[in-house]
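The opening residue of the sequence shown carries number 103 in my numbering; numbering runs sequentially from there.
It is worth saying that the hints were derived from the structure and are not from the lab.
Even glycine gets a Cβ: it sits at the ideal position worked out from N, Cα and C.
Any given hint could be a false lead.
Okay, the calculated beta carbon distance ranges per label pair [as the list claims (entries may be wrong)]:
hint : residue 1 : residue 2 : range
1    : ILE166    : ARG379    : 46 to 52 Å
2    : GLY204    : ARG473    : 37 to 43 Å
3    : ILE170    : ARG249    : 51 to 57 Å
4    : SER341    : VAL184    : 35 to 41 Å
5    : ARG343    : VAL457    : 21 to 27 Å
6    : ARG577    : PHE321    : 44 to 50 Å
In the SDA-like style, the derived pairs of lysine to any residue whose C-alpha atoms are separated by at most 25 Å in a straight line are [what the hints assert, rightly or not]:
hint : residue 1 : residue 2
7    : LYS381    : ILE443
8    : LYS531    : TYR482
9    : LYS291    : PRO395
10   : LYS250    : LEU303
11   : LYS250    : MET307
12   : LYS529    : GLU470
13   : LYS250    : SER286
14   : LYS173    : LEU188
15   : LYS483    : PRO395
16   : LYS533    : GLY447
17   : LYS529    : ILE477
18   : LYS474    : GLY172
19   : LYS173    : TYR522
20   : LYS381    : GLY172
21   : LYS410    : LYS483
22   : LYS410    : LYS381
23   : LYS533    : PRO569
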Amino acid sequence: MRKNLTAGLSPAVFYMLCAILVIRVIAVFSMGPMPQDAYYFFYASHPSLSYFDHPPAISWLIRIFTEIFGKNPTAIKLGDSVLTVLTSIAVFNLSLRFYPSGQSKKVIVLFLSTLMVSILSLISTPDTPLLFFWALALCKIHDAVFRKRKIDWIYAGILMGLAFDSKYTAVFLPAGMFIFLLFSSSNRKQLLTIWPWLSVLLMIMVSSPVIIWNWNNNFASFAFQGTKRMNSVSELQFSPRFIFGLFGHQLALLIPVAFAFLFRATYLMFSLKEKGRFKLSAGQIFLLAFFLPIFMIFLSLSPFYWVKINWMMPAYITGIILVGGIIPDRWIKIQLIISLIIHAGLFVEIVFYPVPVRSDDTWVGWEELHRKSQILKTQYKADFIFSADSYKTSAELNLLSREFIYGQNVIGEHALHFSYIGTDLSKLKGKNAIFLDSEPSFKNLARKAGDPPAINGHFTSVRQLRPIVIFRNGRPVRKFLVYFCQNYIP
């Protein structure tokens with residue numbers, strides 16, 4: 103069986119890939135909880151049709167694995183890793199629809215070598231279920247068109263709906279489908295049949311939990327992810343920093359070799375001409391239709407808006423398949439060498455933490471913060487604990503604690519989905535609290551002068567306590583300002 107799996111791969115490629123996979127497995131069991139892990143566990147702890155920031159699929163995944171393996175970071179990361187393995191299998195099967203087995207193995211080697219797969223495996227985000235359902239949906243759209251199986255239009259619609267239940271980026275699936283059918287002369291007639299339209303109707307039906315939640319909440323999530331972001335784009339001015347940021351992130355995400363060959367593959371596709379017209383096969387149009395629109399839209403936004411590292415991920419499903427068709431073997435080896443070096447550095451960082459992360463987006467220190475904050479709560483006879491850094495500290499402590507940790511809605515600020523779980527803050531009236539304020543870019547270990555303006559007016563008395571400092575390898579790596587707040591005023 104191993105010979106079948108490794109046929110066509112050199113021993114060097116095989117062993118480097120195995121080393122990368124081993125590092126990921128070790129990370130699953132040794133890496134602490136990221137704020138994203140904790141926040142989507144908060145989703146799972148409060149079942150809902152959908153949520154303020156994202157659709158519900160990531161909460162389903164976490165709920166399943168924490169019910170089986172318990173409320174802990176390993177269970178959450180195990181769910182991410184298992185689904186990413188299934189995504190990799192789906193990508194391989196999609197590749198087999200375009201290339202023979204040997205070439206498809208190169209595609210999956212490229213896919214597994216990327217930092218993108220590590221992120222999907224180790225950090226809970228809506229992209230993990232999105233890419234799974236995205237890859238499956240592409241398989242079924244392909245089968246519906248090229249194998250003329252009408253039932254696959256039904257499956258495609260269901261899978262596109264599940265992708266939308268994962269993340270709103272899934273709107274690019276029906277968009278890519280119609281772009282493909284429009285530009286593929288041999289398949290354009292499919293637009294005159296009921297099947298593509300029925301597929302989209304099914305997608306909408308399967309997406310109904312998200313639609314119903316938005317309807318019941320004044321379309322809050324659609325507004326947050328859509329119109330508000332677009333308004334932000336219109337207000338921003340040109341910034342070269344955003345462009346460099348996008349290319350830097352994507353180079354890291356795919357590893358430079360694969361990212362560079364994306365441009366090479368796209369150029370080669372459009373250089374094929376006959377009598378002055380592009381000469382693209384239906385298969386090539388299919389791959390481009392689900393890669394180029396996402397890639398080009400976010401690329402065009404990047405001069406004016408900070409495009410996050412994960413927004414382009416779905417494009418790389420077919421993008422990497424395009425690369426697999428042209429990349430020479432020697433460049434695959436170079437890709438793996440670079441990837442192994444990066445993952446070795448990742449291993450050292452996770453296990454030994456030589457470079458402290460000056461951000462709340464870290465896996466370090468949360469357990470100790472939980473222990474020390476509970477001691478302070480008992481010592482000062484406080485009734486509750488809360489934080490106000492969007493969601494990160496509150497979500498982390500909710501994952502680690504048996505009691506509820508409140509968000510910044512306590513002080514009248516919007517707290518993402520913390521504001522949508524029906525918390526009755528009036529029940530806290532007159533009670534005392536411990537307020538935790540993360541200081542990621544701290545320069546010293548002393549108290550901070552003055553009280554945070556945000557909590558003034560919500561308590562009759564606020565007293566700053568000694569900061570909670572987290573040490574690693576004998577040096578301070580995290581600092582949290584601590585306040586004892588008396589007599590809460592809702």
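- Regarding the pair LYS531 and TYR482, is the alpha-carbon distance no greater than 25 Å? Since the Cα atoms of LYS531 and TYR482 sit roughly 17 Å apart, the hinted pair holds (cutoff 25 Å).
- Is 21 to 27 Å right for how far apart the beta carbons of ARG343 and VAL457 are? holds (22 Å)
- Restraint status (C-alpha distance of LYS474 to GLY172 at most 25 Å): holds (23 Å)
- Message: Run the distance test for LYS381 versus GLY172: straight-line Cα separation, threshold 25 Å.
- Response: Between LYS381 and GLY172 the Cα gap is close to 55 Å, so the pair fails against 25 Å, i.e. violated.
- Are the Cα positions of LYS250 and LEU303 separated by 25 Å at most? Given pair LYS250, LEU303 holds - Cα atoms ~19 Å apart, limit 25 Å.
- Message: Hint check: LYS250 vs MET307, CA-CA at most 25 Å. Holds or violated?
- Response: holds (24 Å)
- Item | Hinted pair LYS173 and TYR522, Cα distance within 25 Å | holds (22 Å)
- Task: Below or equal to 25 Å on CA atoms is what counts here, so check LYS173 against LEU188.
- Result: The hint holds at about 23 Å.
- Query: When you take the CB atoms of ILE170 and ARG249, is the distance between them in 51 to 57 Å?
  - Reply: violated (36 Å)
- Query: Does the Cβ-Cβ separation between ILE166 and ARG379 fall within 46 to 52 Å?
  - Reply: 50 Å Cβ-Cβ, so the 46 to 52 Å window holds.
- Item | Cβ distance range 37 to 43 Å for GLY204 and ARG473, holds or violated | violated (53 Å)
- LYS250 paired with SER286 [C-alpha distance capped at 25 Å]: holds (15 Å)
Hint check: violations occur at hints 2, 3, 7, 12, 15, 16, 20, 21 and 22; the rest are consistent with the structure.
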